[in-house]
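Single-letter residue listing:
Number of protein chains: 2
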Amino acid sequence: MVKINECLLKMEKNNIFKNVALKVSEYKKKNPDKKIISLGVGDVSKPIVKPIIDAMHEAVDDLADSKTFKGYGSYYGYDFLKEKIIDNEYKDFDISLDEIYISNGTKTDSTSILELFDINSKICITDPIYPIYRDGAASLNRKVFILDIKNDLPVIPKEKYDIIYLCSPSNPMGIAYKKDYLKKWIIYAIKNESVILYDNVYSAFIESEDVPKSIYEIEGAKKVAIELRSFSKNASFTGVRCSYYIIPKEIKNNINEFWKRRTINRFNGADYIAQKGALASFLPESQKLIKDNIKYYKDNAKLLRKAFSNCGFHFIGGIDSPYLWVKIKENITSWEVFDIFLKTLNIVIIPGIIFGKNGDNYFRVSSLGKKKDVVEAIKRIEKYYNEKE
Amino acid sequence: MVKINECLLKMEKNNIFKNVALKVSEYKKKNPDKKIISLGVGDVSKPIVKPIIDAMHEAVDDLADSKTFKGYGSYYGYDFLKEKIIDNEYKDFDISLDEIYISNGTKTDSTSILELFDINSKICITDPIYPIYRDGAASLNRKVFILDIKNDLPVIPKEKYDIIYLCSPSNPMGIAYKKDYLKKWIIYAIKNESVILYDNVYSAFIESEDVPKSIYEIEGAKKVAIELRSFSKNASFTGVRCSYYIIPKEIKNNINEFWKRRTINRFNGADYIAQKGALASFLPESQKLIKDNIKYYKDNAKLLRKAFSNCGFHFIGGIDSPYLWVKIKENITSWEVFDIFLKTLNIVIIPGIIFGKNGDNYFRVSSLGKKKDVVEAIKRIEKYYNEKE
Numbered sequence: 001m002v003k004i005n006e007c008l009l010k011m012e013k014n015n016i017f018k019n020v021a022l023k024v025s026e027y028k029k030k031n032p033d034k035k036i037i038s039l040g041v042g043d044v045s046k047p048i049v050k051p052i053i054d055a056m057h058e059a060v061d062d063l064a065d066s067k068t069f070k071g072y073g074s075y076y077g078y079d080f081l082k083e084k085i086i087d088n089e090y091k092d093f094d095i096s097l098d099e100i101y102i103s104n105g106t107k108t109d110s111t112s113i114l115e116l117f118d119i120n121s122k123i124c125i126t127d128p129i130y131p132i133y134r135d136g137a138a139s140l141n142r143k144v145f146i147l148d149i150k151n152d153l154p155v156i157p158k159e160k161y162d163i164i165y166l167c168s169p170s171n172p173m174g175i176a177y178k179k180d181y182l183k184k185w186i187i188y189a190i191k192n193e194s195v196i197l198y199d200n201v202y203s204a205f206i207e208s209e210d211v212p213k214s215i216y217e218i219e220g221a222k223k224v225a226i227e228l229r230s231f232s233k234n235a236s237f238t239g240v241r242c243s244y245y246i247i248p249k250e251i252k253n254n255i256n257e258f259w260k261r262r263t264i265n266r267f268n269g270a271d272y273i274a275q276k277g278a279l280a281s282f283l284p285e286s287q288k289l290i291k292d293n294i295k296y297y298k299d300n301a302k303l304l305r306k307a308f309s310n311c312g313f314h315f316i317g318g319i320d321s322p323y324l325w326v327k328i329k330e331n332i333t334s335w336e337v338f339d340i341f342l343k344t345l346n347i348v349i350i351p352g353i354i355f356g357k358n359g360d361n362y363f364r365v366s367s368l369g370k371k372k373d374v375v376e377a378i379k380r381i382e383k384y385y386n387e388k389e
Numbered sequence: 001m002v003k004i005n006e007c008l009l010k011m012e013k014n015n016i017f018k019n020v021a022l023k024v025s026e027y028k029k030k031n032p033d034k035k036i037i038s039l040g041v042g043d044v045s046k047p048i049v050k051p052i053i054d055a056m057h058e059a060v061d062d063l064a065d066s067k068t069f070k071g072y073g074s075y076y077g078y079d080f081l082k083e084k085i086i087d088n089e090y091k092d093f094d095i096s097l098d099e100i101y102i103s104n105g106t107k108t109d110s111t112s113i114l115e116l117f118d119i120n121s122k123i124c125i126t127d128p129i130y131p132i133y134r135d136g137a138a139s140l141n142r143k144v145f146i147l148d149i150k151n152d153l154p155v156i157p158k159e160k161y162d163i164i165y166l167c168s169p170s171n172p173m174g175i176a177y178k179k180d181y182l183k184k185w186i187i188y189a190i191k192n193e194s195v196i197l198y199d200n201v202y203s204a205f206i207e208s209e210d211v212p213k214s215i216y217e218i219e220g221a222k223k224v225a226i227e228l229r230s231f232s233k234n235a236s237f238t239g240v241r242c243s244y245y246i247i248p249k250e251i252k253n254n255i256n257e258f259w260k261r262r263t264i265n266r267f268n269g270a271d272y273i274a275q276k277g278a279l280a281s282f283l284p285e286s287q288k289l290i291k292d293n294i295k296y297y298k299d300n301a302k303l304l305r306k307a308f309s310n311c312g313f314h315f316i317g318g319i320d321s322p323y324l325w326v327k328i329k330e331n332i333t334s335w336e337v338f339d340i341f342l343k344t345l346n347i348v349i350i351p352g353i354i355f356g357k358n359g360d361n362y363f364r365v366s367s368l369g370k371k372k373d374v375v376e377a378i379k380r381i382e383k384y385y386n387e388k389e
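So the protein lines, in turn, are chains G and H. Residues in the first sequence are numbered consecutively from 1, following our numbering. Residues in the second sequence are numbered consecutively from 1, following our numbering.
A few of these clues could be false.
Repeated chains share a single entry, so a pair holds when one copy, or any two copies, can fit it.
[Unchecked claim] Here are the simulated PhoX-like cross-link-like pairs (lysine-lysine), alpha carbons at most 25 angstroms apart as the crow flies:
1) Lys-306 x Lys-223
2) Lys-191 x Lys-178
3) Lys-34 x Lys-122
4) Lys-143 x Lys-3
5) Lys-388 x Lys-329
6) Lys-222 x Lys-179
7) Lys-260 x Lys-46
8) Lys-223 x Lys-3
9) Lys-35 x Lys-67
10) Lys-23 x Lys-379
11) Lys-158 x Lys-67
12) Lys-34 x Lys-379
Derived from the structure by calculation, the hints contain no laboratory data.
Generate coordinates for the entire structure from the input sequences, incorporating the hints supplied.
Okay, structure coming up:
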């Protein structure tokens with residue numbers, strides 16, 4: 001008789017973001033007249049910029065004509081995109097075409113990549129953490145170990161771990177790791193022959209000079225680090241789906257080659273239109289418009305930082321990242337503060353517990369929404385907390 | 001120290017289709033003047049039809065405007081597409097919206113779905129078989145058992161298996177399973193509480209009346225069968241990537257619900273543009289043009305059937321499927337016949353061994369190419385075999 005994979009039996013019915021969405025939609029149903037503003041899930045609000053749109057139209061037209069039609073592409077992505085990524089993002093690091101993999105979303109990539117490694121590998125994640133690392137690993141029958149946070153940074157462990165997930169700029173903590181700190185992780189990984197899965201999907205938000213734009217800025221990183229990136233948050237591709245990751249050939253055990261074996265049997269390449277769009281995101285005219293979009297979100301973040309500061313909150317983030325990680329003032333849980341925000345302020349925030357037990361004194365606020373919504377949300381927050389005090 | 005997943009260590013460096021591609025490109029490099037015709041890998045040659053192209057342009061424009069912009073979609077696909085699929089493909093079978101999953105390629109889906117089931121599940125495949133079932137399962141540390149073929153049909157086993165892969169219309173065998181035969185499988189699966197993974201991506205090619213268009217035409221199938229479909233071969237989406245599958249809620253052990261748990265943690269939905277395009281494939285004007293395309297491939301298949309017949313080959317397929325499964329006349333292996341075709345006729349066919357040891361007396365021929373290439377290939381084949389005899 002067919003049996004369910006035991007890891008799914010242990011898994012919660014909904015993932016944590018879905019639990020937020022369900023609570024919000026339940027409240028909306030009961031209160032159809034309330035204007036709910038979301039500072040919650042990290043979807044972008046700016047549409048895709050025109051030069052990328054133009055390129056996607058051209059790609060659609062390519063598919064209409066047998067002379068230019070594209071069927072199955074490369075398992076690993078088109079060279080035209082890989083070359084452009086190297087030129088723009090990795091030219092200082094001697095990354096070759098066969099070290100880049102184009103895919104259709106970092107959410108999927110960040111877990112699938114675990115299939116490279118022995119099923120009993122010791123995987124460690126931080127707490128708080130982007131919960132997909134934890135739940136995705138569980139869905140692949142992998143166990144994770146949890147690192148604590150000290151002074152807002154994951155504590156580098158004394159024990160040996162095989163795989164380490166690091167997310168910088170951090171979701172949910174909204175801060176980005178500095179070079180000096182990352183150097184310690186690279187030294188740790190080289191010493192312990194570990195692999196670091198470096199989720200760098202928010203790299204477009206980095207502005208601090210001591211924060212590297214890529215992990216490969218750190219000496220030795222090509223020996224131990226896989227970097228994951230995406231077009232979601234910079235090119236507004238959350239609905240288009242295009243991501244990439246680097247598996248350097250310098251990582252021991254021929255990891256790059258073994259990943260090719262896995263990929264050819266499991267994936268038929270990313271969408272042609274998405275790859276053409278991603279290519280166009282590197283055009284100078286696109287880059288300019290994307291920078292404007294990032295600035296728009298950063299202006300939102302500045303307003304949010306000011307507001308939470310005015311209301312006497314302690315928080316980090318919102319500089320090298322679209323997220324603020326705000327400490328709860330009252331002696332209540334993060335689901336309780338979520339309820340206050342939803343029911344009293346009609347604002348959606350993400351309760352910190354979603355990101356791990358260390359998150360229960362916090363909530364995450366996103367700056368990726370529309371400015372007018374952010375301004376209105378701030379009004380409500382300031383009014384509530386100023387009247388309260 | 002990080003260890004490679006043992007299943008990847010056992011896996012061959014290239015997948016089997018890639019081995020064909022490498023041999024062809026090597027030959028081309030040495031013989032740049034030769035005009036090679038591919039009757040090999042099953043990619044389509046007809047471009048995407050205009051109503052779908054128009055819809056994809058509209059979808060691209062939606063992404064350019066903040067009023068219509070689409071970010072993250074549903075994990076399981078947009079309802080607009082799921083509703084249309086039910087209306088067009090499943091209206092007789094009482095399939096509900098939460099039984100359909102939209103995804104980005106059956107190649108990925110057909111293996112990922114194994115994650116639903118216990119890692120020690122007894123999985124069986126036929127021989128010959130679409131090799132991704134075998135190699136994909138291996139990449140997930142799953143073992144497969146192999147069923148023999150008798151009278152061109154997989155032999156229904158006496159033993160209990162948990163998961164059975166069936167592909168109809170069959171890749172590579174080019175035939176489709178009839179209702180009476182499939183009934184026996186459904187009875188087997190109900191009796192043994194097995195699940196049938198029914199890969200039906202070539203359903204658009206079915207013309208025989210006793211072949212069901214969907215496995216759910218068979219009584220009881222909703223209790224045991226997951227059906228996989230794709231827009232690749234009918235709507236020419238091999239480069240666009242859009243697929244779907246049905247997991248009926250009637251299958252025991254809440255399989256449908258458990259798959260939702262897996263999906264929310266591993267996937268962020270299929271591309272919006274692809275889903276809008278797939279939706280438009282159901283427009284009457286698209287359906288008409290798609291039928292013309294299928295007829296075009298079927299006309300190719302007729303020509304190929306006639307030619308191989310004229311040359312004295314035994315073969316099956318090419319009626320309910322784009323593939324012919326041709327028996328080798330000489331006492332040589334399928335790689336040897338591949339070499340003859342490549343080097344003497346400058347034609348690429350797929351050696352049967354790729355699909356399993358029972359395939360080594362056969363080769364697969366695809367009718368999905370351009371008519372002029374098929375006509376030219378036939379000329380070469382007939383000349384060679386007629387002169388030879």
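Checklist entry - Hint by hint, which ones does the structure fall short of? => result 1, 3, 7, 11
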